[in-house]
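J.: Protein chains in written order, with my numbering: chain A, 1 to 218; chain B, 1001 to 1518.
Since the hints were made in silico from the structure, they are not lab data.
Computed from a prediction, not measured in an experiment: that's the story for all the values here.
Where a beta carbon is used, it is the ideal one built from N, C-alpha and C, also for glycine.
Take these hints with a grain of salt, some might be off.
[Claimed, not checked] Interface residues of chain A toward chain B, partial, derived using beta-carbon atoms under 8 Å:
no., residue
1, Ala48
2, Lys66
3, Ser67
4, Gly78
5, Phe107
6, Arg108
7, Phe144
8, Asn146
9, Gly147
10, Thr193
11, Glu196
12, Gln199
[What the hints assert, rightly or not] DSS-like cross-link-like pairs, simulated, lysine-lysine; straight-line CA separation at most 25 Å:
no., chain 1, residue 1, chain 2, residue 2
13, A, Lys154, B, Lys1332
14, A, Lys101, A, Lys31
15, A, Lys163, A, Lys186
16, A, Lys163, B, Lys1296
17, B, Lys1436, A, Lys186
18, A, Lys93, A, Lys50
19, B, Lys1187, A, Lys190
20, B, Lys1113, A, Lys68
21, B, Lys1055, B, Lys1113
22, A, Lys186, B, Lys1113
23, B, Lys1493, B, Lys1296
24, A, Lys190, B, Lys1436
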Amino acid sequence: MKRTITVAVAVLLTAIMMLVPLAVLAAPVGKISQIEGNVDITRAGQAAMKALLGDPVNQGDILRAKSKSKAEVTFTDGNILRLAEGTRVRITKYDNRENQKSYMDLFRGKTQSVVKNLQKGSAYEVHTATSIAGVRGTILINFFINGVSGAVLKDGPGYGYNKNMPGDVKTIAPGQAMIVTAPDQKPIVKPATAAEIDQHINDTTPAKDQEKIGRAHV
Amino acid sequence: MRKIPAPVPSMAVLFMLCLLILTPCAFGQEAPDLQAGIRHYQAENYEEAIDILTKYRQKDPSSSMAAFFLGMSYKQANDIPSAEGQLRDAATLTPPVRQAPVELIDVLYQQGKFEEAKQWIGVAETNNLFPAKIAFLKGMIAASEGRYQQAIEAFDQAKNLDAAYTQSADLQIGVCYMNLRKYDMAKQRFQTAITQDPLSDLGSFARRYQDLVEERSFLERPLRLTVGLMAQYDTNILSEPTWNGFWLQRTGTDFWERDEKSFKYLTTARLDYVPILKGPFTFNASYAAAASFQEKYSTSYDLIANTFSANPGLSFGRFMVVLAGNYTHVMKRNPGYQRYSENYTVGPLLRYMPAPNHILELSAGYAGKNYFEAVTQPQLWDQSSRGLDSYIAWYWMFGARGGLLNLKYGFSTESAHGAYFDNRGHRFTVNFMSPKYWLIRAQVGGEMFLQDYQNPNATFDNTKRSDQTYTLTAGIYWDINRHLTIIAPQYMKTRVFSNIFLYDYDRNVYSVGLELRF
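Looking at chain B on its own, in the form it has when it is part of the complex (with noise of 0.2 Å):
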């Protein structure tokens, strides 16, 4: 009998031997098993669990189970497009997993997928499948969509059906209110979540909300008394010519050398009437008087000035017409209080908003002055006029402290009784307003005034007139709470160079003063 050669059991030996080394390595990787994938789920393991479940479907693509958990482990993991896949399969492969349905509304609400999610509800609802969160899941779909009223029933149900969601139905139904701006209504459901568990973090929520309610209330109030007390040093309170030579020449007199400086004191108030309007309607009046006291001059400089305004206008989303007038009357001391002007504005504005914190407006409107106060050949120099007075403007609000530019252009004509006075003018304006840092904002403005007068005037030497008026304002507003607002200080300047030395003059106003609001 031929013996086995010696090195060929070595060989199989080694061969066994290395089997027995490597299969434990190839065993090692732990197998798709959907029960360790479940307990990696339940553990908070999802990267784990994803991990496992991911090779256990491609192993079994029929497994409802894994599906669900997957999906499950992916939302966890706030994947939720991946998650929305695995939740669907988990809810239409048989057997359906029952909470399936429920988890996939959620994912596709959490993308905003809400007609999917509409269906999947109604499959939800025929099954009667946890009521108490369809319904709960059904309100906060209504209410991304704008269907406050609906949600709010549907949050209802959802607090009937289980008492577990009375507290997030009730911030969410506040929420609600909020956006129907029923305010009051929304505060008390924000009392209410709060009441329930005051440290949860929902009752933190509705502590937030209604915070926002209350400012949110007093912002949209329907009528807004605004009062302002300033007092002012005005340096040129008669604005006076710089150089009066002309009539020093013609009279013999310093006929303009007065004391123009003066202590001024200013008081304004202002009733704003913005009610909330159902459909596309927009509404606001006001009604705002002001008056000024001289330290001197006062029986012949003090102005009572009374404005009215109404502004009725549609609103289709980002564009808005509105039909824009008001009406001011002016009553000057001489030396009891008579009434010496009247000007009106009535004509069309046009708001767009082309992005958001970004406002065009375009308007034009018939404007008109009346001065009552008797002058000789009014053919010549009385001042009352018809006209345009149109602008076109840019707002743009910026950064979340409430920053604001403002770009305006403007262009009038005026067509006056007296001949002097036809003219037409170009108004260039910049605001701007800087964020509010510790209750600060602080102003800076500037415009630039061009008017070309028509007619030449032979009182002087048949000179067309010609003004460039240049204004510059500054101010620091300190904003103490939402009532009241203190300005201190104000500076404002007016430099009118024009060709007829009279209309030639230069003025600054210093101010301090208070804005109150209720």
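Only chain A is shown next, with the shape it has when bound in the complex (with noise of 0.2 Å):
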């Protein structure tokens, strides 16, 4: 009998551990804070359905913006990722512990990245087709749009390159932009200007944030 509680307790223990770690990667890493008009979510396994306001983001999530929309998404930490119209994007792997990389598969359109926390020894990163863009905490624009992929860099240094090329790391100051053209062309940073940054924030802010932005520079 005390033999049979024994294998039992260890049963359940087991059981106990086992399931901790898939609870902790099955909880939302963060929900939708804003949406503006057609935007869907597709879960791992799951067809695309209506993204809500509210609606919990997990790992493994794709949030496809349509024309004339866009969707800002609040990580559990603060942090924000803003999707312009025509974007899609997958939050692939979101960790805000120390030492982890955080990092989203942008597969066409624009994301605002506004990375106000991040742990130490991490990292948050923006992949497109050809490009890979990081930063340690600033606004972070990137774009994939007709072959080229960009990192935008408002405050704050950050750094990108070319996903074939990735012994050709390049520092991106604030104000300067990463530019690839081709995936066999190398990284190109050049200055951007105050109106191009203006340009790419409104993009993809939902227009309540533009709001609050505007009544917040009165």
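Dock the two chains into a complex; use the hints.
T.: Okay, here's the thing in structure tokens:
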């Protein structure tokens, strides 16, 4: 009898230990905090469904903003991801613990990342078909349009490179943009004008947030 | 009659039940359906459209409509290479989709496949397919190939055929004029594009291009005037030797003990002429004047220098050959301004760009110097000379904010009228200009110049003079705007080690000033 109880407790503990990480993985990493127009979300193994304000966002989810549509995801740690119209992006990995990397896969369109909170040794990156760009605390705008990848930094430094040339990592200073025009082309770092950055921010910020920004400026 | 045993109908019922349960699973997967694919495309569900239309094309490879919508879905999903094949099928299958050639030309253009794109333009023009759009794409391809005048004509045609193209055509025409360096015309077109719809994306692009044109037209202006005003404090205005014991021994007087520290005011003006020539020809010329006014010894040390230079050349892409020539005339007060010296260099300069942002330069020139002040025993003391002045240099322009690193080695020979001044020199230079941050640049430079004189000097115990000159410069430059730079401060140290004490000296110059550009 004693032996049976011991075995049962061991089995139970093992089951709990196996289930806890799964529960952690399944926990939402953020939620949809703004939505404008027609946006859908595709969860792993499911068909796309209309995204609604307040919907949880999990690791592996794909968000798609259609024409004249925008969306904003606020992660649990306060970082923000904004989608411009015509954008499709996957929250491939989001882990806000120390020494962990979070990254999105931007399939098309344009995103704005407001990275306010990053733990020690961690990184936040946006990957496109041809480039990788990351930051450690800034506003990062990424786009992948007509085969051209770009990363623009508003304030605070970052880095980026062509996926096919990982040895050639470029430092991107605040107010600079890195452009990768083709898979076989070296990244080009160039100044980004204030008007250019404003345009990108405008493209990616939902109207309600623009109102807030406008009010803050007044 | 034999009864059918009871289990048999039970098995049959079970089989039918299984069939009923399983059948919906089998048919539940969406069958390849062209209309469903098109509906997904129209709803901007491009990934779903690709999935369905790919299956449909496998089932019916001859459907041009399926090929077209699959190609368009790939195009919208940014998978341009996959779009190309589908759109080509849509344009060639029967019946061909009327819009397919236009979309195919666009994806070919995006991939830089201009030759095939031009063939399809021919097809579209023959069949009068979407003439305005085709004219616009024709313009885009011509512009990408550097045929700007033809591109402008095509964009104008697109505008005339369809008013909807007016703003984008004006923007593209502006870009063409910019590349043709016709900046006024470019500005005009950008302004037109802005006026049409100032709040649109194209209007915003046009504004950015207008700023760029403004900047470029300033940088590439053919006549450039630069004026510099600088206040200096020089710790050794007379280049006095560090040790004067020799003269003390010989003359019994402390001959060189003078107050060698002085403030100095330096003004410079430079006029550059840099015309833009057609074909491989290049040319630039400049005139520069510099005047220095000393606080002390002004009647014997104030200088006025005039320099002329002209550099005609030929450019062959990454390779350039220039005939570089310059002439400098110096006048010195004594006590009125009198001609003091002249020097000139003329010779070829080869410039090669091995990689973007890297320049290699090789120069070898014939150099001459004439000094006009009379000297006793000119066969020994006249510094006038002829010789070779050559160098090899590497420039690396790094970063988007204008960082520069320059390494240079120079070799020179001087065959002087006075035997004591025949010499050979090796000059090693390194210069670093930091990228610009918050309008500020920093510059640091160092030079080592080793000069070996060829003949013993009887005045100094038959010593063969040997000089080692070390120069260090450092400065901060504040670019207020494109017209004004403040130089504050700049420091230059010169230390000459010579085996003849007379030429051994130490000098520090501190400067502040400004540079104006027009």
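J.: For each hint, tell me whether it holds in the structure or not.
T.: A quick look at each hint next to the structure:
no.: 1; hint: Ala48; in the structure: holds (7 Å)
no.: 2; hint: Lys66; in the structure: holds (4 Å)
no.: 3; hint: Ser67; in the structure: holds (6 Å)
no.: 4; hint: Gly78; in the structure: violated (29 Å)
no.: 5; hint: Phe107; in the structure: holds (7 Å)
no.: 6; hint: Arg108; in the structure: holds (4 Å)
no.: 7; hint: Phe144; in the structure: holds (6 Å)
no.: 8; hint: Asn146; in the structure: holds (6 Å)
no.: 9; hint: Gly147; in the structure: holds (6 Å)
no.: 10; hint: Thr193; in the structure: holds (6 Å)
no.: 11; hint: Glu196; in the structure: holds (7 Å)
no.: 12; hint: Gln199; in the structure: holds (6 Å)
no.: 13; hint: Lys154(A) x Lys1332(B); in the structure: violated (55 Å)
no.: 14; hint: Lys101(A) x Lys31(A); in the structure: holds (19 Å)
no.: 15; hint: Lys163(A) x Lys186(A); in the structure: holds (10 Å)
no.: 16; hint: Lys163(A) x Lys1296(B); in the structure: violated (64 Å)
no.: 17; hint: Lys1436(B) x Lys186(A); in the structure: holds (23 Å)
no.: 18; hint: Lys93(A) x Lys50(A); in the structure: holds (22 Å)
no.: 19; hint: Lys1187(B) x Lys190(A); in the structure: holds (23 Å)
no.: 20; hint: Lys1113(B) x Lys68(A); in the structure: violated (32 Å)
no.: 21; hint: Lys1055(B) x Lys1113(B); in the structure: violated (28 Å)
no.: 22; hint: Lys186(A) x Lys1113(B); in the structure: holds (20 Å)
no.: 23; hint: Lys1493(B) x Lys1296(B); in the structure: holds (20 Å)
no.: 24; hint: Lys190(A) x Lys1436(B); in the structure: holds (13 Å)
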